[in-house]
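The whole structure should be built from the sequences, with the hints applied where relevant.
Protein chains: 2
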Amino acid sequence: MHIYDLPTPAVVIDVAALHKNIATMADIHPGRRLRPHVKAHKCTGLAAEQQGVGHRSFTCATPREILGMIAAEVGDDFLLANETLDPLRLAALAAAQDDALITVAIDSEETLMAADKAGIRNVMIDVNVGLPRCGCPLSMAGRLADAARVRGINVRGVMGYEGHLMMVTDRDEKRTRVQQAMALLAEAHEDVGGDIVSAGGTGTYDMFSGTTVNEVQAGSYALMDSHYGQLDSPFVQAMWVVGTVISVQEKWSVADVGLKSLSLDHGDPKIEKHSVWFCSDEHTTFSPLEGEPRPKINDRVFVTPSHIDPTMAMHDIAYVANQFGEIIAEWPIDLRGW
Amino acid sequence: MHIYDLPTPAVVIDVAALHKNIATMADIHPGRRLRPHVKAHKCTGLAAEQQGVGHRSFTCATPREILGMIAAEVGDDFLLANETLDPLRLAALAAAQDDALITVAIDSEETLMAADKAGIRNVMIDVNVGLPRCGCPLSMAGRLADAARVRGINVRGVMGYEGHLMMVTDRDEKRTRVQQAMALLAEAHEDVGGDIVSAGGTGTYDMFSGTTVNEVQAGSYALMDSHYGQLDSPFVQAMWVVGTVISVQEKWSVADVGLKSLSLDHGDPKIEKHSVWFCSDEHTTFSPLEGEPRPKINDRVFVTPSHIDPTMAMHDIAYVANQFGEIIAEWPIDLRGW
Chain Y
1 MHIYDLPTPA
11 VVIDVAALHK
21 NIATMADIHP
31 GRRLRPHVKA
41 HKCTGLAAEQ
51 QGVGHRSFTC
61 ATPREILGMI
71 AAEVGDDFLL
81 ANETLDPLRL
91 AALAAAQDDA
101 LITVAIDSEE
111 TLMAADKAGI
121 RNVMIDVNVG
131 LPRCGCPLSM
141 AGRLADAARV
151 RGINVRGVMG
161 YEGHLMMVTD
171 RDEKRTRVQQ
181 AMALLAEAHE
191 DVGGDIVSAG
201 GTGTYDMFSG
211 TTVNEVQAGS
221 YALMDSHYGQ
231 LDSPFVQAMW
241 VVGTVISVQE
251 KWSVADVGLK
261 SLSLDHGDPK
271 IEKHSVWFCS
281 DEHTTFSPLE
291 GEPRPKINDR
301 VFVTPSHIDP
311 TMAMHDIAYV
321 ANQFGEIIAE
331 WPIDLRGW
Chain R
1001 MHIYDLPTPA
1011 VVIDVAALHK
1021 NIATMADIHP
1031 GRRLRPHVKA
1041 HKCTGLAAEQ
1051 QGVGHRSFTC
1061 ATPREILGMI
1071 AAEVGDDFLL
1081 ANETLDPLRL
1091 AALAAAQDDA
1101 LITVAIDSEE
1111 TLMAADKAGI
1121 RNVMIDVNVG
1131 LPRCGCPLSM
1141 AGRLADAARV
1151 RGINVRGVMG
1161 YEGHLMMVTD
1171 RDEKRTRVQQ
1181 AMALLAEAHE
1191 DVGGDIVSAG
1201 GTGTYDMFSG
1211 TTVNEVQAGS
1221 YALMDSHYGQ
1231 LDSPFVQAMW
1241 VVGTVISVQE
1251 KWSVADVGLK
1261 SLSLDHGDPK
1271 IEKHSVWFCS
1281 DEHTTFSPLE
1291 GEPRPKINDR
1301 VFVTPSHIDP
1311 TMAMHDIAYV
1321 ANQFGEIIAE
1331 WPIDLRGW
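Residue numbers (our numbering), protein chains in the order written: chain Y, 1 to 338; chain R, 1001 to 1338.
If you're looking for bench data, these hints aren't it; they were derived computationally from the structure.
Backbone N, C-alpha and C define an ideal beta-carbon position, used for all residues, glycine too.
You can trust all of the hints, since none of them are fake.
EDC-like, lysine to aspartate or glutamate: derived pairs with alpha carbons at most 16 Å apart:
| # | chain 1 | residue 1 | chain 2 | residue 2 |
| --- | --- | --- | --- | --- |
| 1 | R | Lys1273 | R | Asp1299 |
| 2 | R | Lys1296 | Y | Glu109 |
| 3 | Y | Lys296 | R | Glu1110 |
Interface residues of chain R toward chain Y, partial, derived using beta-carbon atoms under 10 Å:
| # | residue |
| --- | --- |
| 4 | Ala1061 |
| 5 | Glu1282 |
| 6 | His1283 |
| 7 | Asn1298 |
In structure tokens:
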């Protein structure tokens, strides 16, 4: 099967670009130095490629992602880098603890108690390092670790996500601010103990020299999107939502790729050599840049999403293509849901 | 089961509000005057409620939606109000033509030929009435209808979607502009023939008096969203993505509802009596308005999405609740995909 035979809209991954991205990151953060975030692709087939270059510890955003990774036998050490109070989901994680090392992030007494009640054996203290989201204040981290240990729970260390710094474009400014955020995390680590200091993302993966961070949680680097593509980085676009041109008018054309097949939260998608006018539920209206030919009905278009994570979560299957456009694998996007 | 027992994030429908919206629209456009658009909910359980008040013809955006409606035995007359060139999907529709009346929109020679080749028996001419998307120019409509009839295909009439006018807030201006758009459609109808003149949406459902439009394609009215909620209309919010407060800090709180459980393409979601700061993949950061109490960990929050259609498409199940918050039904969101 060829890209041109696929039912559209379809997620297509360029296997060479994917392998390049995975190899580039593994050179910089080999083995357990990288804890790839599976929320970016929700696909055990892709995670297996990350394991193939030596990563065996993974970051997950949902219990479902951890349980799906264990079922697919990819990875052996999973961090739920997100708070949950759901007793059934925590119990399901606890029941899987003989199959893999599972660690749950906590940032409050309540999340600690929920983990304890479910029988979770390992936690990580999630510390706020500047992004207004989850993570306890620095002053609370040590107490929370002590409270966990009193309950017989192992505290593996600290994590802090500096998500507010991902898109700082001046690299010197970014480095300074990441180092300041990581100084907070190091201070929390002194209070908390444990082996792990976990942080980072695709926007900051190369900003940790001189910090105590010993694992990086990047995810988007493998497939990329137009948002992260704005940054100066060695990672290349490796995924597109491929659509079919279904209507051609004098001034615009329409592809069958819309809001239900790509996420617009980071802005409109991009189509090379074309201008995107707007997206509707099932459509992207676009036109060629000056000097470019008008598309023809039934042409394929390669649409680059602005945000990879929620876009992948909209699809059932990722089609993996070689340089000839042949489909060499179909990877179920099997970690969707919560 | 109660709303407070649901795993979150979860789509919850207020059955009384849903029934009120469905009854209100059926009063204005009874029976086949309304062709409810199932793309707004992708849920045969909800479509069955629309059938319950007398609608048996439905609008669909994807072949999958039509085939799912037929499988669920809801409705008897389906319009694919969207162009497709996919031979396999058109063949699947053609194979279902003995089970229901299926009509496919066409706006070009190519879409006509694809429908003909697959054995589609009924088409509708999709005419551009001002929105830069699908729909042929007025000058082409009659020729396309003639070409269909030459091939032995029945032409049921015309459709034109005035999507660019949905959010015009001045009602007099909106009425004038809708009438202008529908004058184009009436002109196309003279050239095309057939019984049906189909148009409209939740933003224009009451703008067709004095036009030749004889069926309205509204969909969002049943559940609503914060975007359509800005308009002066009798329809009330009937759906929320219910989340759990997983983290509470001094200045903000975090719920487990994010970009993977609601669509941001029409703006940030809303939480009553609170200010929404921003959404991440799995989180909404928010804070109470002045004078309102701070949320507590494990509280439930009711998040109103800005755009209902892509939000529903992110979920497996819609939980239907009564006025006591009890879950009285679980409707699979069974029409997802293409």
